[in-house]
Amino acid sequence: MSTSSPPHSATASTTPPPVAPPTMRRTPAPPPGRLIDAPPFPQGAAEALKNQQLRDNMRHATHTIRAKRARVTAELPNWEELRAAGEAIKNRTLENLDYYLEQLEANLIKNGAQVHWASDAQEAQRIVIDLIKAKGENMTHQPTPQEVVKVKSMVTQEIELNEALEAEGIAAWETDLAELIVQLGHDRPSNILVPAIHRNRDEVREIFLREMKLYGKPAPEDLDNDPKNLAAAARLHLREKFLRAKIALSGVNFCVAESGTLVIVESEGNGRMCLTLPETLISITGIEKLVPTAQDLEVMLQLLPRSSTGERMNPYTSMWTGVTPGDGPQEVHVVLVDNGRSRVLADPVGREALRCIRCAACMHQCPVYEKVGGHPYGSVYPGPIGSVLTPQLRGLDSAIDKSLPYASTLCGACAEVCPVKIPIPDILVHLRQRVVDEKKRGHRGLEQSLMRLGGWVMAKGSRLGLAGAAAGLARALIRKEYLRSLPGLGKRWTAARDLRMPPRRNFRHWWKHERGGQA
Amino acid sequence: MGREEIFTNIKAALRTQDRMGTVLRTEGDGSKDRMGTVLFCPFQGQNRTVPILSLEPSPSVLTVELFIDLLVDYKATVECADDSSQIAVLVARFLKQAQAETCVVPPGLDPAWFAAAQTAGIQVRVDNPPLSKEELDQTSAVITAACLGMAETGTIVLDHRADQGRRIISLLPDTHICVIRSDQIAAGVSEAMVHLAPLLQEGQPLTWISGPSATSDIELSRVEGVHGPRNLYVILVT
Ligand code: SF4
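So the protein lines, in turn, are chains A and B. With this note's numbering, the residue at position 197 of the first sequence is 1096, and numbering never jumps. With this note's numbering, the residue at position 71 of the second sequence is 298, and numbering never jumps.
Excised from the complex, chain A in its bound form (with noise of 0.2 Å):
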């Protein structure tokens, strides 16, 4: 490790200094406080609301990917078959979690993998941190500045990875483009999916020209606001760091439980960067994240891409199966982390949320996220799934977990799109019911202030535009709410297929030749 470079001086910016001095941390600062600790919804929605240029970017950002995601799910006659599968197969995946749990594990260790289990955030660090630290000494015993390289995973931002290693002097490098905003920005993400969708081309410019040289290879000098040239400077500013790193972090978008197949769906590169360089590969991946064959990773396959980034298939996908021998990293371990699922898997209805497959079409899709962007959400989940799961995950304990329920119109826009069909507004209005419950167990009463909350979003909601007659349907709803009755969503929210495209005359012509009735 004898080219790791020092930590660089705080004089070397010519802009304000970071929150952090950064000569006593080794990457930049993120912004301070937990995101537990985030005011309740409201607070935040109106913060965000004051921010016109953060609105404009999150417009731009939903309405495109919307439109590209309707066009590329629209040209397959059985797309809403595909949804069926992927709800049918995750299903069947929970429902006998334990099983393929065991299953994955087996395949795992035959083929060479390590397999570590974690049952909440402080075990997954300690795991990893220690496995870090066990590559770092070395015949002397002298402790050498350790850094990993990270493929973007949104399981190591909820269990708060990165700053757990800065403070044991590891530097944990985020490789995946916005997240390299992100990090560089001393910021956090907004979105699972473009986590710097908050940013616009100028306001990358100045992070990478004043932060780069402060953690590495500098962007260049006359570097311009063009995407393609920002895009450049980030290849040239990783590619020193991805060559000479021992050991890669990762996430897992699937793993398979019948082989023991990791999966990582990406689109830069970054991911098969970090998969195939290192050393020591250790993935870090959700208890909940796996599908039991081949041939279910096939209907998921082809339900992430055209769900996420509106593609037919992203440009990279990377499969996996523990070491394979002069190929690629020679020690992998697999990280498994609870964190909370299994106590939302004993939650009858919350449990559906556990089929997320992390798309983040909900996202896109909703209109008061459209509005506020990721981070009144308060957790790396933002939107609607994240409304759902984040209280679930981490307990109705927190002011933002208790309001987290109510950042939603319950206009249903976001059930209609999922790709694994999670009736997020019917988790909704249980959870508002289960908020309610807990406060009444405590006599406090304090239901007037929730229902205040949940104006909230409505009234806001009405005064930014959104259409008025769901707003209206759905203050009907919360007040129903109370009475522990469903929701029907009538009421669909569609600007999305206003959006639609013509399909690709060339794909339909070839469906209706080649598979036949099905079109």
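What the hints contain is simulated information worked out from the structure, not anything from laboratory work. For glycine and all other residues, C-beta sits at the position ideal for the given N, C-alpha and C. Treat the hints with caution; some may be incorrect.
A partial selection of chain A residues facing chain B, derived with a Cβ cut-off under 8 Å [unchecked claim]:
#1 G943
#2 A945
#3 W1016
#4 S1018
#5 P1126
#6 A1193
#7 M1212
#8 L1295
#9 S1297
No farther apart than 16 Å at their CA atoms in a straight line, the calculated lysine to aspartate or glutamate pairs in the EDC-like style are these [what the hints assert, rightly or not]:
#10 A:K1009 to A:D1336
#11 A:K1127 to B:D337
#12 A:K1411 to B:E231
Examples of chain B residues toward chain A, derived with CB under 7 Å [said to hold, decoys possible]:
#13 R230
#14 K238
#15 S285
#16 V291
#17 L293
#18 V299
#19 R393
#20 L398
#21 A414
#22 V464
Given chain A, put chain B with the ligand in place with the hints provided.
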């Protein structure tokens, strides 16, 4: 500790009733799911949403055309060849077009494919013994064969056997020239997976490539070429 606790919690969770009063799983040993289906049998038909199109004897002209169409859509350059000598000519031409000076090939690649490139003065390195990552980083191009293609999505799959080589060699060079036969083109993901599932069972790594690397992370404007090869050339052997 973690493992035991997790399994205890999962088993307990699966015994809770849903809102219809149904217990998710009545069998405690995991041998049956709630429908009473015995595990181990494949997920029969439930996730088959299309009939599987046969790869034999060879894909239809329409399927091949769609495959080409989507590759071009992804900004890949596609040319067809009839035989090894035509492949060699195209390889040399593409390398020149990409201004490649050096090129890596997997140990199992047909030497006839890069003979013309060598004659034209391009340095071809066989990845045997394995080149270092620094050497590969300084190599301009890579030539590989392929495992199969998918028309419906314009995807090429590498299974990294002898004629495709280690994963790293098709990653670090900036130009990837991929040679694929038309009889390797499956209709879609479903058909391809029939062939790929046994490879996963064997522990073979797979790389699915659908166009050159790309990002839409900055204002959603698509930029081709971030970390992987920025140029993808496909030679289709018909
Ligand atoms: S809830 Fe559904 S739509 Fe939302 S991210 Fe998860 S899978 Fe995608």
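Any of the earlier hints contradicted here, and which numbers? Failing hints, ascending: 1, 2, 8, 9, 10, 11, 12, 15, 16, 18, 22.
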